[in-house]
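Participant: All chains, full assembly: derive it from the sequences and hints.
Number of protein chains: 2
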Amino acid sequence: MNLSAHILRMAKAAKKASYQMALVSTAEKNRVLMQMAKALESRQAYLLKENAKDLATAVKAKYAAALIDRLTLNPKRITAMAKGLRECAKLKDPVGQLLETIHRPNGLLIKKIRVPLGVVGIIYESRPNVTADCAALCLKSGNAAILKGGREAIHSNKAIFKILKDELKKTKIPLDALQLIESTDRQAVHELLKLDEYLDVIVPRGGEELIRFVAEHSRIPVIKHYKGVCHVYVHSKANLNMARAITLNAKLQKPGVCNAMETLLVDRAVAREFLPSIVADLQKAGCEIRGDQATRAIVKDGIKNATAQDWRTEYLDLILSIRVVDGLHEAIEHINTYGSRHSDTIVTQDKKHAQAFLDAVDSACVYVNASTRFTDGYEFGFGAEVGISTDKLHVRGPMGLEGLTSYKYEIYGHGQVRR
Amino acid sequence: MNLSAHILRMAKAAKKASYQMALVSTAEKNRVLMQMAKALESRQAYLLKENAKDLATAVKAKYAAALIDRLTLNPKRITAMAKGLRECAKLKDPVGQLLETIHRPNGLLIKKIRVPLGVVGIIYESRPNVTADCAALCLKSGNAAILKGGREAIHSNKAIFKILKDELKKTKIPLDALQLIESTDRQAVHELLKLDEYLDVIVPRGGEELIRFVAEHSRIPVIKHYKGVCHVYVHSKANLNMARAITLNAKLQKPGVCNAMETLLVDRAVAREFLPSIVADLQKAGCEIRGDQATRAIVKDGIKNATAQDWRTEYLDLILSIRVVDGLHEAIEHINTYGSRHSDTIVTQDKKHAQAFLDAVDSACVYVNASTRFTDGYEFGFGAEVGISTDKLHVRGPMGLEGLTSYKYEIYGHGQVRR
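In order, the protein sequences belong to chains C and Z. Number 235 in this note's numbering belongs to position 235 of the first sequence; there are no gaps in the numbering. Number 77 in this note's numbering belongs to position 77 of the second sequence; there are no gaps in the numbering.
The hints are simulated quantities; they were obtained by calculation from the structure and are not laboratory data. Among the hints, a few may not be true.
Note: identical chains are not told apart, hence a pair may lie in one copy or across any two.
Straight-line Cα separation of at most 25 Å, SDA-like style, residue types lysine to any residue; simulated pairs [unchecked claim]:
hint : residue 1 : residue 2
1    : K111      : E100
2    : K111      : K158
3    : K111      : H353
4    : K165      : R104
5    : K237      : N336
Facilitator: Written out as structure tokens, the structure is:
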């Protein structure tokens, strides 16, 4: 069978399975999640053997150390994957939740009920644990899932998938509810993105290039998880010790992730007091600093010039741009102009200005006096996440089980007709 | 200025205005809506004069009577438009609504707050009242709106827009929050659909062709309001008098709208009893019947043959296709295969089968013992609607003020950093 026909057959089977999935009981879903967790642990040797094949290819191809690290499975990471499935089993089942009840004067009773989306396609990159995480989230939210991982993790993904599928076979849950595209041909993604008759949503997880590719080629609605150009804004009324701790955390604790800070904004009133020591601390940690003219007038040494391009850049690295601003209004304008609508924080003791910042900054997550690093499904208490949506439609911010659902209206009558 | 630059300037101005719009108080929004309503009524002569120009063109171009009717403004319709604005003023303001509060163990307080989408583009066809309706809904939900009506209603739309804008000028609400594209060049829509940097969502309202055009060419997320291939399913345990009333209402009360029935499904067990009289009633009302083989075996005269193409067709006319089915399972499969996921109803006295139908039919609005004609923002108690979404993401079914909003997370800390 050619690739196009193969992907079409997968999508059709997933659609059919999705109708049955929507009716599977919570207990049944939780039971299989727990069994899957157990199987991942008990079949650790098999997983490590398959993962070793991917690692060997990666080493031979001289991939970057960071990529090889993301690819690597070890007993600790396998345990973490299993724990993820067990936690997913503990989460409240969103399906069937009554969201609203409307009683109409004509006697109609309207119930707004949470339902699965249907068929979810997830396209991701190197980390193999995404296979288990996303399978679990889709299963728990009553969706059929079609997964497509990166070619560099193909053996690991196939092994994880096989373990999950073997457990699914022991249940009454339709097998086609969980499918993995094993082809590493990019054409497979192209074919999948055409099938808007069968897939309800596509979630790309990975770098900006992957997401743009999917968004441009998909006929299926895409929930985008774009870049995070996140800001820390040190307001004139900030507790500067707190500002220091938040700045260092937001930049240094994990610079390669989307909720790390990329630009620091500092009120002119506190710039002379705050900038010299924070720049020294950051530089000591190996961080490159790019400042605007005002910043460079205060800290003269070792600071590069920041251009407008810097304000828009997600470095995902030990690089920080700094700009001195003239108060709240300019900070908000900077963030809404150059930011990516992900996560931004103000550090201030002034409650009125804090609220004005919360109201006016057009981002998914807006913070007062906390690090942007908290934008995360686990940190928000959602238990798990498919990613962080930078879209405004459907789901915004951390995307957990709820983000994998839609709703329907169930209307109960006793013969009502429209006059 | 060329068209491309002109549309770009409108979009940029709308984006800027949207940030201010999000902060306008409920009282201010309601006040201007009431003033706009009053102005539409007091400037009736002007409206009728401008509308007459569109009507003259339409008559000269020999447009269909139905289209000319949709174009026509008269004192009654102007009063209805004004009433719509007053009702919108009475609706609860969705902006700022607290949707959820999360207290995290680390002391973070996370508030999920309803916010406007930002800039909403609405592209619609002939009915000029859409200009007032959509302007009001966008204004009340704190969005900036860019409206683009059909060329046949251009003078009417410009007149309505002028009246609304004159009232806006008397307030502190930014003028660019309400804009009308006056060009009747289709290129204007093309240009608008590119501007995903400035528009947050596009809502096409109108025929299937318009919606497909927008969905195919837009870089901005589209909320689709596609066709309604709605079903009435008469179950073997139906009260046949009720089934009769619902069938006649769903088909005949307003055949040209998306929530009218297009296909009648009848259980084989009651087909002989139900079909002859309902077909006679429908034919008497001028309705053409297209039946499957089993239907034609029962009612022999005056029924055309229904093909698979009929099951997928939204007639929007006095035409009905009928199929005899072998029970609940076949009815559900028919609807999920051929329907458009809009509105479907089961007529039955069997509660278990009714619930199974509600659970399994994958449509925005699923009814028991009521006409599909109730799928409507007013009938659902939403006060007004932008349309009926057949999408599963973001908003499903009648799209009112809530559908014009997103949410953001506001996170309150006291110095928390991530460990």
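Participant: Now tell me if each hint is right for this structure.
Facilitator: Hint check:
1. K111 - E100: both (6 Å within a copy, 20 Å between copies)
2. K111 - K158: Intra 41 Å, inter 40 Å, cutoff 25 Å: neither.
3. K111 - H353: Classified as between; 17 Å across copies, 41 Å inside a copy.
4. K165 - R104: Result: close neither inside a copy nor across copies, 46 Å intra and 35 Å inter.
5. K237 - N336: within (22 Å within a copy, 59 Å between copies)
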